[in-house]
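Build out the structure end to end from the sequences listed, making use of the hints.
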Amino acid sequence: MQACKLVAFSTPVPGRELELETWYDTQHIPDCLKLDGFVAAQRYRIDQQPKGVDVPAWRVMVVYDIESEDIDAALAQIPKAVHTPAMPMTDALDMSTALRVVATAASSRFVKC
1 MQACKLVAFS
11 TPVPGRELEL
21 ETWYDTQHIP
31 DCLKLDGFVA
41 AQRYRIDQQP
51 KGVDVPAWRV
61 MVVYDIESED
71 IDAALAQIPK
81 AVHTPAMPMT
91 DALDMSTALR
101 VVATAASSRF
111 VKC
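The opening position of the sequence shown corresponds to residue 1 in the working numbering, with each subsequent residue numbered one higher.
None of these hints come from the bench; they were simulated from the model. Hints may contain errors.
[To be verified] No farther apart than 25 Å at their CA atoms in a straight line, the calculated lysine to any residue pairs in the SDA-like style are these:
hint	residue 1	residue 2
1	80	46
2	80	7
3	5	97
4	80	15
5	51	3
6	51	108
7	80	90
8	80	92
9	51	15
10	34	67
11	51	100
12	51	93
13	112	25
14	5	25
15	51	96
16	80	32
17	5	62
18	112	34
19	80	33
20	80	108
21	34	82
22	34	88
23	5	33
24	80	97
25	80	3
[As the list claims (entries may be wrong)] Label pairs and their in silico Cβ distance ranges:
hint	residue 1	residue 2	range
26	3	79	17 to 25 Å
27	21	80	21 to 29 Å
28	34	54	32 to 40 Å
29	54	25	36 to 44 Å
Remember, predicted model here, so these are calculated numbers, not experimental data. By construction, the Cβ of each residue, glycine as well, lies at the ideal position given by its N, Cα and C atoms.
Right under this line is the structure:
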C-alpha cells in the first residue's frame, strides 16, 4: 500500500467566499472521498503567505490523504469525474488560481515526545 497527500490550493471568486467554503465542505470533499483510495480530507484557510513570491493569493488549501496500491490510478479518477454528476464543480472557484501538488513521505514522521 502506498500513501500520499494531494494538496489543492485555490481562491474564491471575490464576494463568493462562503459559497466556495460550503461547496468544499458539503459537495466536493464528500465527492472526492467516494473515489477509490481517498481516505480523508481537511480544508484549511490560508492566513499567511510569503511576501514577494510570485504566486496567487490563495485563500483555501485542502489536503487529501490517499492510500492505494496504485497512486497514479487513484489520482487519474479526478479528471474523469470532474464536471460530471459524480463531481459537479462550482463557478465560485477562481480556476485561474487553482494548483494541486502531490507529495509522498520522504522520511519517517517525527512526533514531539
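Cross-check of the supplied hints:
For the given pair, residue 80 sits about 28 Å from residue 46 by alpha-carbon distance, which is inconsistent with the 25 Å threshold. Taken as a hint, the residue 80 and residue 7 pair is honoured in the structure, with Cα atoms around 18 Å apart against an allowance of 25 Å. Between residue 5 and residue 97 the alpha-carbon distance is near 20 Å, which keeps this suggested pair within the 25 Å criterion. A C-alpha spacing of about 30 Å is found between residue 80 and residue 15, which places the hinted pair above 25 Å, so the restraint is violated.
The hinted pair formed by residue 51 and residue 3 fails the criterion: a straight-line CA distance of about 32 Å is larger than 25 Å. For the hint pairing residue 51 with residue 108, the CA-to-CA distance comes to about 31 Å; that exceeds 25 Å, so the pair is violated. Restraint check: the Cα-Cα separation between residue 80 and residue 90 comes to about 16 Å, which is no more than 25 Å; the hinted pair holds. Straight-line distance between C-alpha atoms of residue 80 and residue 92 comes to about 21 Å, which keeps the hinted pair within the 25 Å bound.
For the proposed pair residue 51 and residue 15, the alpha carbon gap of about 23 Å is at most 25 Å, so the pair holds. A C-alpha spacing of about 13 Å is found between residue 34 and residue 67, which places the hinted pair at or below 25 Å, so the restraint holds. Proximity of residue 51 to residue 100 is assessed by CA-CA distance (about 21 Å); at most 25 Å being required, the pair is judged to hold. With a C-alpha separation of about 23 Å, the suggested pair residue 51 and residue 93 falls inside the 25 Å cut-off, and the hint holds.
Restraint check for residue 112 and residue 25: the C-alpha separation of about 30 Å exceeds 25 Å, so the hint is violated. Restraint check: the Cα-Cα separation between residue 5 and residue 25 comes to about 18 Å, which is no more than 25 Å; the hinted pair holds. Our distance criterion of 25 Å between C-alpha atoms is met by residue 51 and residue 96, whose separation comes to about 20 Å. Restraint check for residue 80 and residue 32: satisfied, since their Cα atoms lie roughly 12 Å apart, inside the 25 Å limit.
Between residue 5 and residue 62 the CA atoms are separated by roughly 10 Å; this keeps the pair inside 25 Å, and the hint holds. Among the hinted pairs, residue 112 with residue 34 is inconsistent with the structure: their alpha-carbon atoms are about 33 Å apart, more than 25 Å. Distance hint between residue 80 and residue 33 is fulfilled; the C-alpha atoms sit about 15 Å from each other, no more than 25 Å. Simply put, residue 80 and residue 108 have alpha-carbon atoms about 33 Å apart, too far for the 25 Å limit, and the pair is violated.
The suggested pairing of residue 34 with residue 82 holds, with an alpha-carbon distance near 13 Å, which does not exceed 25 Å. Restraint check: the Cα-Cα separation between residue 34 and residue 88 comes to about 13 Å, which is no more than 25 Å; the hinted pair holds. At most 25 Å may separate the alpha-carbon atoms for a hinted pair to count; residue 5 and residue 33 meet this at roughly 13 Å. Of the supplied pair hints, the one linking residue 80 and residue 97 holds, its CA atoms being roughly 21 Å apart against a limit of 25 Å.
Straight-line distance between C-alpha atoms of residue 80 and residue 3 comes to about 21 Å, which keeps the hinted pair within the 25 Å bound. With their beta carbons about 21 Å apart, residue 3 and residue 79 fall inside the hinted range of 17 to 25 Å. In this structure the supplied range 21 to 29 Å holds for residue 21 paired with residue 80, their Cβ-Cβ distance being about 26 Å. At roughly 36 Å, the beta-carbon separation of residue 34 and residue 54 lies within the given 32 to 40 Å, and the hint holds.
For residue 54 and residue 25, the hinted distance range of 36 to 44 Å is not satisfied, since their beta carbons lie about 30 Å from each other.
Checked against the numbered hints given earlier, this structure breaks hints 1, 4, 5, 6, 13, 18, 20 and 29; the rest are met.
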